[in-house]
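*Asks:* So the chains spell out like this:
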Amino acid sequence: MLRLTTAIVATLGLAPMAFAGTQYPLKLTSCGHEVTIEKAPESVVSVGQSTTEILYMLGLSDKVAGTALWINPVLPEFAEADKTVERLSDNAPSFESVLAKKPELVVTPYEWMIGPQGAVGTREMFDDAKIASWIMPTECVGKDNTQSMDGARKILFDTALLYQGISELAEIFDVSDRGEKLIADLKAREEAAVEKAKALDLPADVSGVFWYSSADIEIDPYVAGINGVPGWMLSKLGVKNVVTSEEEWPTVGWETIAKSNPTFIVAAEMNRRRFPADDIAVKREYLTSDPLAKEMEAVKKDRILTMEANAMDPSVRAIFALEKLSDALAGFGLAK
Amino acid sequence: MGWFWLAPPVLAAALLFATAVGETRIPLSTVVDVLAVKLGLSARAIDAIDFSVIWHYRMSRAVVAACGGASLALSGLILQALLRNPLAEPYLLGISAGASAGAVSVTVAGFGAGLVSMSAGAFAGGLTAFALVALLAQAAGGGAGARGAGVIILAGIAGSQMFNALTALIIAQSASAEQARGIMFWLLGNLSGIRWPDIWLALPMVLVGLGVTLWHVRSLDAFTFGAESAAAIGIDVRRTQVVLIGTATLITAIMVSLAGAIGFVGLVVPHAMRILVGSRHGRLVPATALAGAVFLMISDVVSRIALPGQVLPIGVVTALVGAPAFAIIMIRGRQR
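Residue numbers (the working numbering), protein chains in the order written: chain W, 1 to 336; chain A, 1001 to 1336.
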């Protein structure tokens, strides 16, 4: 915990200095790995939708030489910019396809892409190729990726980590002024959404569950753990998560979920079609037709909210999703 | 034969136990109320969620667990007798490997574009693999004799290796962390997707399987001394092999498609029963079916309560609980 606080304080402390322009070579520690940036990178490969969208928001789309690992359509305001960027793969790209773009930097939101067991490669492989690698701090501060594939969060996700990531990326590219403006905008939206929910004066027993997908429609679903982004949204809005696991995406039986009888259900929507339950229509059909699921209060009162899947992983979309959830809570008619 | 009257009460007690114990705590009185209402003995009002958990979720799951355990144990018994190999069990004939490959082609390779469920893929894969193994054994000259029994086991090993390689190939191409988890979940067996409609498949299949096996107890006894001895007392060796192995394959493939690959039951239960009731199939067949049913129901209960808030794959439990129990029975049996 001390390390987390120190890390955040250190970053926030750095930010005002950065307005003067980044001093190169820039040395920083990214997920425990020493990285040296010699100059503002001219080309970057981003393995993950959330880092790609942050780069777009920082006005750096012309520096992005390739992207990969997409789960939802790009934010509409960047549809044009995204067309000019090559998509190496919708899933994990190969190490060689990343190297072929000859980037000066690779960035990713996930250690299972670039990390000790990285699907793309290890940090050392990129070091040897003289390519700097950077991972979102949301992936490793307070998160343990060694015990399970999706990892477990020991402490609650916080947007401070997201802002730290934006700030670091902005510093790497010497656009700290843009970074600070983006962070200020996002913070304002986050606060407004929280205020809105507070104004609702919700009863203390309101609870929710986030359903990501299921490997087969009727089996135990993947739901959001207590400390991930959905857990953060719920705690920000003063709502209880019916799931108590620290795993990022634990499987929890429908029996446990139904007995907890959540006030509302947030169901993920995604382009991916790997499991039948990836389809939001299939999810809704299941909830309303399964003899157990349909008895839940959330289903009977039609409190099922559709949300983009990647808003449930650490990204700027988490803040947009917080706004959406806050608005939805207002519409549920739950006020005391 | 005097102990056969024990079968219905033992089954009923195991069913009640499996229905009363689950992920969440529901009082036994509520369980009894639900059963009474369902049997038309009571009209008491029960909380809709409690009712659904007990009736739609736990009860259906317990019944299918019983059918599955009986099917897998019977398959193992048939194969051990026919192939005169104590290590024979359903998976030896490539059924499990084929089912895995089928499931993986649906989930990872996107075969069927999300419209075909993983279980349908598993069923098709299991049958395909067995058909290939049977053809290979035929081509290699697997006949009625002792050599024939050896050939089909070798063919099964070859088939399993090929389908395992296919699974590895598909996973290596495109698996993500979440997919790998989804597959693991399924490869180790999982009963959480069971609802009442599945029983219309499971129950008739196990009854047919049990009927066919009971019809052939004399042949099974004869095969224990080799196919030549069976032929010598006037048994149509070829026809019996086709009917019995076909039955074993079908009931296994059905169970694998419903609940995933659950190992160990087909191997352990028949051996344990042989030690307890002797090797005459007239007693061995019903004892094996009963013990398999009870074993899998109890394993499923353990899988649900061993770790609080989390459900273990049932295959892990059958192996972890079954192996030591089997060892004890084996040692005791030898001392006697």
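No lab work stands behind these hints: they were computed from the structure. Keep in mind that this is a model prediction, so the values were computed, not measured. It is possible that part of the hints are untrue.
Said to hold, decoys possible - Computed cross-link-like contacts, BS3-like style, restricted to lysine-lysine with a CA-CA straight-line distance of at most 27 Å:
#1 W:Lys101 / A:Lys1038
#2 W:Lys240 / W:Lys27
#3 W:Lys101 / W:Lys130
#4 W:Lys130 / W:Lys196
#5 W:Lys294 / A:Lys1038
#6 W:Lys101 / W:Lys83
*Asks:* So, for every hint listed, does it hold in this structure?
*Replies:* Do the hints match the structure? See the list:
Annotation: proposed proximity of W:Lys101 to A:Lys1038 is violated, straight-line Cα distance about 66 Å (limit 27 Å). At most 27 Å may separate the alpha-carbon atoms for a hinted pair to count; W:Lys240 and W:Lys27 exceed this at roughly 41 Å. This hinted pair checks out: W:Lys101 and W:Lys130 have alpha carbons roughly 13 Å apart, not beyond 27 Å. Restraint check for W:Lys130 and W:Lys196: the C-alpha separation of about 48 Å exceeds 27 Å, so the hint is violated.
This hinted pair checks out: W:Lys294 and A:Lys1038 have alpha carbons roughly 19 Å apart, not beyond 27 Å. Restraint check for W:Lys101 and W:Lys83: satisfied, since their Cα atoms lie roughly 17 Å apart, inside the 27 Å limit.
Hint compliance for this structure: hints 1, 2 and 4 are not met, and every other hint is.
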